[in-house]
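Each chain, written out:
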Amino acid sequence: MPATTENNQGSFLGRISIRRNQVMSMDGSHDQELEDLELFQKHVGDRFSDLLSSTAEDPSGDALLSIAWLRKLLDEFLCCEAEFKAVVLMGRDPSQIAKPPLDKLLPELLDRSVKSLDVCNAVALGLDAVKNLQRLAEIAVAALHVAPLGDGQVRRAKKALSALVAAMLHDDAAKGTERSRSFGRRGNNTNTNTNKDRPGHARSLSWTMARNWSAAKQIHAMSSNLAAPRGAESSGLAQPVYVMSTVLVFVMWTLVAAVPCQERSGLGTHFPLPRQLGWAHPMIGLQEKIVEEWKKKEKKGSVGLLEEMQRMEKLGQSLIEFADSFQFPGETERLEEVKKQVEELGEICKKMEEGLEPLQQQIREVFHRVVRSRTEFLVVLDQAGKLPTPTV
Amino acid sequence: MSRLEEELVHILVQHKQYFEPEYMSFHSNRVDMVYDESFRSVEDEQIDEASRSCGASQSEASTVDLVNPAVLQYLKSIANVMFGSKYHQEFSQVFVTSRRDALAEYFVILEMEKLSIEDVLKLEWHCLNREIKKWIRAMKIIVRVYLVSEKRLCKHILGDFGSFYQFCFSEISQSFMLHLLNFGEAVAMGTHTPEKLFRLLDMYGVLEHLAVDVDILFFEEVGSFVRGEFHKLLRRFGDTVKSTFLAFRNAIATNHSKTPLPQGGVHHLTKYVMNYIMTLVEYGDTLNLLLVDESSIDPAGNKYDTSALSLCPVACHFLSITTTLESNLSNKSKLYKDVALQHIFMMNNIYYMVQKIKCSDLSHLFGDCWLRQHTAKYRHDARCYERVTWSSVLSTLKDDSEPNCVSQRTLEKRCKEFSTAFGEVYRIQTGWCIPDPQLREDLQISVSQKVVPAYRTYIGRNSSNIAEKYIKYTEDDLQSYILDLFQGSPKSLHYQHRK
Chain B
57 MPATTENNQG SFLGRISIRR NQVMSMDGSH DQELEDLELF QKHVGDRFSD LLSSTAEDPS
117 GDALLSIAWL RKLLDEFLCC EAEFKAVVLM GRDPSQIAKP PLDKLLPELL DRSVKSLDVC
177 NAVALGLDAV KNLQRLAEIA VAALHVAPLG DGQVRRAKKA LSALVAAMLH DDAAKGTERS
237 RSFGRRGNNT NTNTNKDRPG HARSLSWTMA RNWSAAKQIH AMSSNLAAPR GAESSGLAQP
297 VYVMSTVLVF VMWTLVAAVP CQERSGLGTH FPLPRQLGWA HPMIGLQEKI VEEWKKKEKK
357 GSVGLLEEMQ RMEKLGQSLI EFADSFQFPG ETERLEEVKK QVEELGEICK KMEEGLEPLQ
417 QQIREVFHRV VRSRTEFLVV LDQAGKLPTP TV
Chain E
212 MSRLEEELVH ILVQHKQYFE PEYMSFHSNR VDMVYDESFR SVEDEQIDEA SRSCGASQSE
272 ASTVDLVNPA VLQYLKSIAN VMFGSKYHQE FSQVFVTSRR DALAEYFVIL EMEKLSIEDV
332 LKLEWHCLNR EIKKWIRAMK IIVRVYLVSE KRLCKHILGD FGSFYQFCFS EISQSFMLHL
392 LNFGEAVAMG THTPEKLFRL LDMYGVLEHL AVDVDILFFE EVGSFVRGEF HKLLRRFGDT
452 VKSTFLAFRN AIATNHSKTP LPQGGVHHLT KYVMNYIMTL VEYGDTLNLL LVDESSIDPA
512 GNKYDTSALS LCPVACHFLS ITTTLESNLS NKSKLYKDVA LQHIFMMNNI YYMVQKIKCS
572 DLSHLFGDCW LRQHTAKYRH DARCYERVTW SSVLSTLKDD SEPNCVSQRT LEKRCKEFST
632 AFGEVYRIQT GWCIPDPQLR EDLQISVSQK VVPAYRTYIG RNSSNIAEKY IKYTEDDLQS
692 YILDLFQGSP KSLHYQHRK
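The listed protein sequences correspond, in order, to chains B and E. Just so we're aligned, residue 57 is where the first sequence starts under my numbering, counting upward by one. Just so we're aligned, residue 212 is where the second sequence starts under my numbering, counting upward by one.
No wet-lab data here; the hints were simulated from the structure. One thing to keep in mind: the hints can contain errors.
Okay, derived cross-link-like pairs now, BS3-like style, lysine-lysine, Cα gap no bigger than 25 Å in a straight line [said to hold, decoys possible]: (1) B:K406 - E:K297; (2) B:K187 - E:K297; (3) E:K469 - E:K325; (4) E:K627 - E:K569; (5) E:K297 - B:K395; (6) B:K160 - E:K325; (7) B:K187 - E:K683; (8) B:K141 - E:K443; (9) B:K407 - E:K443; (10) E:K325 - B:K187; (11) B:K273 - E:K325; (12) B:K396 - E:K325.
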């Protein structure tokens, strides 16, 4: 029976390795292998099903694309990844992994992995921009918390909120502003960009990815060649490779949809997911929901679908309206309303304060894991003699 | 307050300063090693010696003024006012933004290209080499000078407000540090062919040197993420260097030739390996620390006089490397059909190895015993060569005990056989090569010491019985023909006549 471990995933891994060790011949192991592969798919389906159901209207769940939900998404990704490695690598002869169709499919997956690393970095940078929005919101919250509310404080809040809302609607924030910057040395500033001196403008995302790098293009490139294995191939190792590839692309796609990234407009909102495969259904469900959100915001050009950002924007707009119409001392009813909104805004800031850095660190963990797995696969492929030895 | 904010921005932007990276006072403790020869170059017979380029390897930590000192007091007073009025969030917003922009611009000055991980993995080696050098320089300047100064600036302006300045500093610097570390991650991910080892060692060295500075800069809780990532990268590089180095021996072992090296000279694999380890000796300290856990199993199981050797890991590994090389060379020598050439080839190559080791820092690592043993080896090959080639030639001059029993015809026939044999050896072996002049001369002398007296004796004893036309060569002829051997330019005696 499986080795005792703390969690389900651990016992699953234990089951596989024990089975592998028990079986000597290829023939006998074939059935076990099939079962392992099926279990992997089932688990993937289960995990994404959890993610889908947690987005239900029930307030105890995490809203779709909220910080907490994204953290869960990344957790599930790491679990899938670990299981994938167990199914494909553990106890397996390197030559099995190097033969067709894996000899082509695995390098493709590894190539996608490399691309996903850059997406991780872009998303981490994007979260810096979100942090900045948080700061602006905090200013507004601090300003509007003062009682009795005076003109000065309202003006202050409005300034911060205007910057906040502007940053969220314009793609400038994510594009970076090298075009508008002069590179004169020794602080020679001939910059005529009027936005420049406006404090708090999200142009503080002053560090960007490589020029011409595009998150949308990256995701698109990652999803190319992503095709479900057909026929005889669908029962071998090609299937889990396809599953993992799909999971990887989906997770990256989701991150880019949520977080401000360089050049995410035109994100292929319909990258193909296999409708005919059961494990993919929850993913398809999530995709549909996200695409719906995307379409809603597309006209306004929102920089990211992060749930907290969306709510911040709404509150921001509303509070700006209030600020515009404010005259000291203000109506009590209105002030009560505003107080609630300010509290809500404060709550969001708190969520960001507590969640953004852990999310960034989690992304970094994903980064390191992807690097490590890639190296492990390369070592195995090398052992299988896929990499040519030098000849003189 | 809003006006104050704008003024703050204005001042920060107007009065930021950059220091020219070139004017920083760097001094090198150690020259940077450059070793670019590709392991797989087949056509090049010449291997460039490791070219040394003087570069800055140590920079002194120093602080510079990132903002015109004249305005510092004014900035501080703005800070005081804004903090006092609870506008500290606006202040830090503006301040952090402005400082981040300044740092971003400085990266441009340093000519640091923004490369994605994918870009780095796809770079050609010479491009990657260049980027790595830029990165090393940037790391030193940014960590030791720029960020130190930035933190000092933050402290100066915001020091009165508790740990606020640390938080600002972290916001300013974190993503840039991560960007630098990402480049390192990308390089560590790449394929680790032997020629990369020196650059990897340089990168590891830089990370090692800067570790303390980073620990100090990011010492607080808020900086722990960057600190953690830095140390992760340092460890990865340590592993990368180790595995690349260990893979080097494998690369030698699996370096197969299909055809033998023409002329039997020094194989470029030998030159590459010897020059490689000679260059590596410079990194001995770093390698010793990294290799301390790795046991080096000598594949041939040879025992060396360990008392004469330093037992450091580098020495063990180098020994293992040269042993692997010898074994590989031995296999390569079997590709020659001519056994004599096999010996010449081995002699050339072992001699080259011995010379390289004797005349460098490697001599301390390998020790006298190794040198003695290998000197004996190449001398043994020389003797084998002589036996294989010249015994049969000289056997034609065998004297019978009873000169009177041998007919003139036989004597003449033997003379002819000798001439033919000698001519054949000459034809073939003038085309062989012993690159080292000393070694060549020694062998030529040794050969002539065997051949010439034997010839002299034979002719001297039998000259009365042999017609002149059969005595093709004089002693002097032979002597000078022998000097033509191993010069690498094939000649023949067909049209040469006795003077």
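Cross-check of the supplied hints:
Proximity of B:K406 to E:K297 is assessed by CA-CA distance (about 19 Å); at most 25 Å being required, the pair is judged to hold. With a CA separation close to 20 Å, the supplied pair B:K187 and E:K297 stays within the 25 Å bound. With a C-alpha separation of about 43 Å, the suggested pairing of E:K469 with E:K325 is violated against the 25 Å cut-off. A C-alpha spacing of about 45 Å is found between E:K627 and E:K569, which places the hinted pair above 25 Å, so the restraint is violated.
Restraint check: the Cα-Cα separation between E:K297 and B:K395 comes to about 20 Å, which is no more than 25 Å; the hinted pair holds. With a C-alpha separation of about 30 Å, the suggested pair B:K160 and E:K325 falls outside the 25 Å cut-off, and the hint is violated. A distance of roughly 97 Å separates the Cα atoms of B:K187 and E:K683; the hinted pair therefore is violated under the 25 Å criterion. A C-alpha spacing of about 22 Å is found between B:K141 and E:K443, which places the hinted pair at or below 25 Å, so the restraint holds.
Of the supplied pair hints, the one linking B:K407 and E:K443 is violated, its CA atoms being roughly 29 Å apart against a limit of 25 Å. This hinted pair checks out: E:K325 and B:K187 have alpha carbons roughly 23 Å apart, not beyond 25 Å. For a cut-off of 25 Å, the pair hint linking B:K273 to E:K325 stands: about 17 Å separates their Cα positions. Restraint check for B:K396 and E:K325: the C-alpha separation of about 45 Å exceeds 25 Å, so the hint is violated.
Hint compliance for this structure: hints 3, 4, 6, 7, 9, 12 are not met, and every other hint is.
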